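Engineer: Sequence:
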Amino acid sequence: MPTKRSLAGVLGAMTLALASVLAAGPAHAAPSAVPPAPSAVPPTSSPAPARTELLPPGAGVSCSPGNFCASVWDPTANRFRVFYFYNCTRYYLSNWNDWGEAKNSQTGGAVATVYGSGGTVIRTIPADNSVYAVNWTPVYSIRNC
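In my numbering, the protein residues as written are 871 to 1015.
Since the hints were derived computationally from the structure, they do not count as laboratory data. All values reported here derive from a predicted model rather than from experimental measurement. By construction, the Cβ of each residue, glycine as well, lies at the ideal position given by its N, Cα and C atoms. You can take every hint at face value.
Between beta-carbon pairs, the in silico distance windows are:
(1) P935 with S909: 31 to 39 Å
(2) A910 with P935: 29 to 37 Å
(3) A929 with G988: 31 to 39 Å
(4) N1005 with A910: 16 to 24 Å
Work the whole structure out from these sequences, hints included.
Structural biologist: What follows is the structure, given as structure tokens:
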């Protein structure tokens, strides 16, 4: 003899089955392949320059005689940081991004050279006290003399 089932009984059985699936807990997603955004880091050079200073946006670079000066945005200070390179050497740059300025106030006609990866020359900056716009992103090092 066929068994009769009521609609309420079928719905009750389905509710119990659904409740047991949900009680097992949520499925866990795989960890995201996208790493978290890095914290802001200041621009640096190695070796360290003779000195640095922070300037507000819109302030021009002033460069005392004998120096090659370079400004770059410092995201940790929300200002431009000016590096005063005095000692004749090659300076290796870290975290220099976007556009800034360079001014060569060295004496004796010393030409500053800006290098990209692999030591390729990107540009030279004569000792003429002019201010030059520089995209620092591809720059790896500077030789100030």
